Amino acid sequence: MPQMTMRDALNQALHQEMERDERVIVLGEDVSGGAGGTSGEREASGGIFGVTKGLLPRFGAGRVIDTPISESAIVGAAGGAALAGLRPVAELMFADFVGVCMDQIYNQIAKFRYMFGGKSRCPVVIRMAMGAGMNMGPQHSQSIYALMTAVPGLKVVVPSNAYDAKGLLIEAIRDDDPVVFLEHKALYPRKGEVPEKPYTVPFGEAALVREGEHVTVVAIARMVPFAERAIDALAKEGITCDLIDPRTTSPLDFDTIVESVEGTGRLVVVDESPPRCSLAADIAATVAERAFGRLKAPIAQVTPPHTPVPFAPALERAYVPGPPRIEAAIRHVLKVS
Amino acid sequence: MPTPIASLTMPKWGIEMTEGTITNWRVTPGTRIEKGQEILDVETEKIVNAVEAPASGVLRRIIAQEGETRSVGELIGIIADADVGEEEIERFAREFVAAAVSFEPTDAPPPTEPPKLADATAAPISAAAADDVGSEEARVSPIARRVAERLGVDLSKVHGTGRNGRVSKEDVEAYAAAVQGGTAPAAAASTVASATTASNAATPVGTSAFRRVAMNSRRRTIARRLQESKQTIPHYRLTVDVDFGPVLELRAGLPGGPSRPSVNDFLLRAAALALREHPDVNAQLEGDEILQFEHADIAIAVAADAGLVTPILRAVDTKSIVEIAHESRALIASARQGTLQREQITGGSFTVSNLGMFGVSRFDAIINAPQVAILAVGAVEPRAVVQGNDLAVARMATLTLSADHRVVDGAVGAAFLRSLGDRLRDPRGL
Amino acid sequence: MSDSARLDGTRLLRAYRQMKLIREFEERLHVEIATGEIPGFTHLYAGQEAVAVGVCEQLGDADYIVSTHRGHGHCIAKGCDVGGMMKEIYGRRDGLCHGKGGSMHIADIDKGMLGANAIVGGGPPLAVGAAIACKLRGGGHVSVAFGGDGSANQGTVFEAMNMAVVLQVPAIFVFENNGYSEHTGCDYAVGSKDLTARARGFGLVAECVDGADFHAVYDAMGRAVERARAGGGPSAIEARITRFYGHFEGDPQKYRARDEVARHRETMDCLKRFRERMRAGGELAEAQLDAVDAEVLALIERIVADAKAAPPPVEADLYTDVYIHY
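Chains as they are written, first to last, in the numbering used here: chain A, 62 to 398; chain B, 26 to 455; chain C, 106 to 431.
Worth flagging that the hints you see were computed from the coordinates, not collected in a lab. Because the structure is a prediction, the values reported are computed rather than measured. Every residue, glycine too, gets a C-beta built ideally from N, C-alpha and C. Check before you lean on any hint, since a few could be wrong.
[To be verified] Mimicking DSS-like on lysine-lysine, the simulated pairs with C-alpha atoms at most 25 Å apart in a straight line are:
id : chain 1 : residue 1 : chain 2 : residue 2
1  : A       : Lys297    : A       : Lys114
2  : B       : Lys60     : C       : Lys298
3  : C       : Lys216    : A       : Lys180
4  : C       : Lys298    : C       : Lys377
5  : B       : Lys60     : A       : Lys396
6  : A       : Lys357    : B       : Lys71
7  : A       : Lys297    : A       : Lys396
8  : A       : Lys357    : A       : Lys396
9  : A       : Lys114    : A       : Lys252
10 : B       : Lys60     : C       : Lys216
11 : B       : Lys60     : C       : Lys377
12 : C       : Lys413    : A       : Lys180
13 : A       : Lys258    : A       : Lys297
14 : B       : Lys71     : C       : Lys359
[As the list claims (entries may be wrong)] Where chain A lies over chain C, by a calculated footprint (3+ residues, C-beta under 8 Å):
id : segment
15 : 134-141
16 : 178-187
17 : 204-218
18 : 278-291
19 : 308-319
[As the list claims (entries may be wrong)] Here are the simulated distance ranges between beta carbons:
id : chain 1 : residue 1 : chain 2 : residue 2 : range
20 : C       : Ile224    : A       : Asn196    : 33 to 39 Å
21 : C       : Pro417    : B       : Lys60     : 25 to 31 Å
22 : A       : Asn196    : B       : Ile40     : 44 to 50 Å
23 : C       : Glu381    : A       : Ala105    : 55 to 61 Å
24 : B       : Glu59     : C       : Glu400    : 39 to 45 Å
Just chain A, with the same shape it has in the complex (with noise of 0.2 Å):
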């Protein structure tokens, strides 16, 4: 199978599907670039992070939309595009820009359905970059799922690797619900092995990515890969964790957590989103309430301190939870020193 990073087996995914079905389209700032410029090139962006490289030159401008920078307008349109019997996959180059168009997402797109009782559709997925680690500041930096999470109607995808993202991505466009995509900016050059063909990976069922019988971890995005390097570490103790990748935070596969639980009776959340009201705290609170009896010690949330993101990559790098406090974590969850 071939290796393929991230960014690439996302901009996989969108060729394929705007090739599969004609009702896809994509639209954002500078998904192409380069429109009104004096340079001549049509394609000066592809995206910023190169997710959308490609898509003009194959499918014109008709359905690859360079906006402009008008994130209401953005995701009101592909919400207005959706109504009108489109699939839209819009781009907000950042997560944090959920602020200049909370309406848009969570007044309306995430209740048309509801609130007509049953008759609308709003296949709309918006893709936005996440995460710290790169330096960017507080306003470039969030992990925004719990907060998206919260919000009925809204469905969230929170890829960790190459493989999830294209199959998540592909699901994300088939389905019928409204979609936020959040993917991870320092995982685009992560590499993995991708299919060429399209597939789909299903909402709402976690990966099982590491098995063992001491602790469950659950990890979330970027904290996957480091939960991984964490737990492979103490195996050479034999110290052995389930890890597991929920993959989606709504819907949320509680049932394989609790499962899990139930054989190791100790939990480590890690989570990148800030730990008031975050999905640590979510799934810890849903743990507590459905495997009360089966825990042996505490819960642990490993989670960034409640502060923006910082930009000075000192600080940045004593924000992001890593392979040291989630191990630490585990540790103090067996009692183990």
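Here the structure of chain A is known, so what remains is to put chains B and C in place on it, guided by the hints.
Only chains B and C this time, still in chain A's reference frame:
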């Protein structure tokens, strides 16, 4: 199209208004009014405003007077044509039902049926569908898949009850247990393989025929917990021989029949009192902390068909022998019938395991963690004993205490056993 | 020859009936809301009928509109079932949205009605999206964003207007300037005081019409639709109008002069104006219009009775239609 009789009700102005007070009637009964005419003033918490007539006609009645407060929707006046009879007006007033305005949540419990999902009729795809790679794996939770492998369960035969029909770990375990109990359909026989037939599992060479039996979930729980206990708890054992003659004599003096306490009931009572005296033994270990219990909740080891189970008799120290006899009998019966409730098998501060009825003279038991001690009781049998300088026959039994040395030191265990033995040798205090 | 001059008697009678239906729907709601039987809050469209009808008479089911919190008139003008609307407003199970939306969220996708919208300025970005779909499909259809003068101050509307111009999509922005952004005068809240000029500033072809004059609205809309269908891009129409009631029902309207509404009911009533015009031109007889009035009143009587008698949703409905599949 004027209705013959129109109600004039306390109006609702804005979303928060629930009641209003009439400050002024601008018209008197009998006056002819037109729809839209301002006929009275009402004061709310926020404003004073005029109320418009909802219909044209004669104001036949004023129901609510100036200064009176009415809830939104309540009748405050009646408008009707002049030729409508008085009795009709009276009947209208009597039968009027006000619209209910309430912002309180419903008292009813939330609906129990699971959320229904709308029917999703897929929209047509204008372009041809691509040749997709399927996602069959998705129908089974990854943990259920692992459990199925361990139990040798064929997943295609398991009915999924999880989200969207997904096979859960519970489904796999239930299926395996059903196969074990012989209640699964014939097709399920693949989990019980014979060495002489083809099987997915490797067949040991040079052995005679055997049955390959998957552990059911209780068996696996027993296996895991006892192995963990045996391997991780520093057990030590103390043995004492006790003369049960006095207990048997006391028992013989009680009325016969099925409710007569057994020797084991006396033993439970004696153990409970001894445990009260030795809180170090009546305990659980949790991490770095010892939980010492106020009462003796004694687990009774029962051999049921599906395997060992340890239902718990609560607060034995507070109960009479008769109560203990009654409750322990009921508990053992439901353990054998498999009808124990979850709360009947969780917790416990001490365990008693009695194999006397099998003729076992003495044995030692594995601690039922997180408890810190277990008492193994052998058969009461006539044994030659030395009494003074003479040899005599007494009805003796051997009691073996297994204790967790992390919590219970040897001397503490010994003191507990002595206390227990003393109570049995002189059972009048029981 | 203007579009409206080409309307025959049947079309004129239909336009009148639509306006009358909206008027009586709202007048009856004004009475029924006061009884407390209708939950929540409601914004009445009475007074603005000629705008909704003048615009929507130029559209078909394959054209789209997005509406506002004051949306009953747009829904009726676009062809939504009035019985289903009344039930929805009463929160009934077989209302147009099964009682999940209410007055401010009535939608009927099959009629091209993409929803009333309780967020001021929420709709125009959606209309641009629907216009993208129209353009991509190439059927010559258009998408209309209704909005009030209040919405004209929202950033979303600025974004939508600009994007519509940039993408040259068949979108038409209809600003119903009824003089008030909720309880605040338009003269105060619109800094430049001129919505038409503002729309022009975004590069839209824009004009201002008398919103109480059905014919004027219809003709302005005809020009905008023709431009859009011909690929000429988006337009804007500012319709100067008044509302006969408050921002919402129960609004004491302390911001309005005491005689303002009465005066407007005399001079800016689109139904009166329409009847006068018919009388002068002789296209429709008085008796024809009276017959429509009687039919409409009977219809309203019936749908209110039906709505009152209809059952509310059951608790299990709470869970449906959050997702198509979850």
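Against the structure, the hints:
Distance restraint check for Lys297 (chain A) and Lys114 (chain A): the Cα-Cα separation of roughly 42 Å exceeds the 25 Å cut-off, and the hinted pair is therefore not satisfied. For the proposed pair Lys60 (chain B) and Lys298 (chain C), the alpha carbon gap of about 37 Å is over 25 Å, so the pair is violated. Among the hinted pairs, Lys216 (chain C) with Lys180 (chain A) is consistent with the structure: their alpha-carbon atoms are about 11 Å apart, no more than 25 Å. Proximity of Lys298 (chain C) to Lys377 (chain C) is assessed by CA-CA distance (about 29 Å); at most 25 Å being required, the pair is judged violated.
The straight-line distance between the Cα atoms of Lys60 (chain B) and Lys396 (chain A) is roughly 80 Å, outside the 25 Å bound, and the hint therefore fails. Straight-line distance between C-alpha atoms of Lys357 (chain A) and Lys71 (chain B) comes to about 57 Å, which puts the hinted pair past the 25 Å bound. Straight-line distance between C-alpha atoms of Lys297 (chain A) and Lys396 (chain A) comes to about 17 Å, which keeps the hinted pair within the 25 Å bound. Proximity of Lys357 (chain A) to Lys396 (chain A) is assessed by CA-CA distance (about 11 Å); at most 25 Å being required, the pair is judged to hold.
About 18 Å separates the Cα atoms of Lys114 (chain A) and Lys252 (chain A), which keeps this hinted pair within 25 Å; it holds. The suggested pairing of Lys60 (chain B) with Lys216 (chain C) is violated, with an alpha-carbon distance near 35 Å, which exceeds 25 Å. For the proposed pair Lys60 (chain B) and Lys377 (chain C), the alpha carbon gap of about 19 Å is at most 25 Å, so the pair holds. Annotation: proposed proximity of Lys413 (chain C) to Lys180 (chain A) holds, straight-line Cα distance about 23 Å (limit 25 Å).
With a C-alpha separation of about 37 Å, the suggested pair Lys258 (chain A) and Lys297 (chain A) falls outside the 25 Å cut-off, and the hint is violated. Only pairs whose Cα atoms come within 25 Å are accepted, and Lys71 (chain B) paired with Lys359 (chain C) is accepted, the gap being roughly 12 Å. Under a criterion of three residues with beta carbons nearer than 8 Å to beta carbons of chain A, the stated coverage of the segment 134-141 of chain C fails, only 0 such residues being counted. A count of 0 residues in the segment 178-187 of chain C with a Cβ less than 8 Å from any Cβ of chain A is obtained; the coverage claim is therefore unmet, three being the minimum.
As drawn, the segment 204-218 of chain C meets chain A at 8 residues by the rule of a beta-carbon pair under 8 Å; at three or more, the given contact holds. For a cut-off of 8 Å, the count of residues in the segment 278-291 of chain C with a CB near a CB of chain A stands at 0, and the three-residue condition is violated. Only residues whose C-beta sits within less than 8 Å of a C-beta in chain A count toward coverage, and the segment 308-319 of chain C has 0 of them, not enough to reach three; the restraint is violated. At about 36 Å, the beta-carbon gap between Ile224 (chain C) and Asn196 (chain A) stays in the expected band of 33 to 39 Å.
Range check, Pro417 (chain C) to Lys60 (chain B): about 29 Å between beta-carbon atoms, so the 25 to 31 Å window is met. Distance hint check for Asn196 (chain A) and Ile40 (chain B): the Cβ-Cβ separation is about 49 Å, which falls inside the suggested range of 44 to 50 Å. Distance hint check: the CB atoms of Glu381 (chain C) and Ala105 (chain A) are about 60 Å apart, consistent with the given range 55 to 61 Å. Between Glu59 (chain B) and Glu400 (chain C) the CB atoms are about 24 Å apart, so this pair departs from the stated range of 39 to 45 Å.
Taken one by one, the earlier hints fail for this structure at numbers 1, 2, 4, 5, 6, 10, 13, 15, 16, 18, 19 and 24, listed in ascending order.
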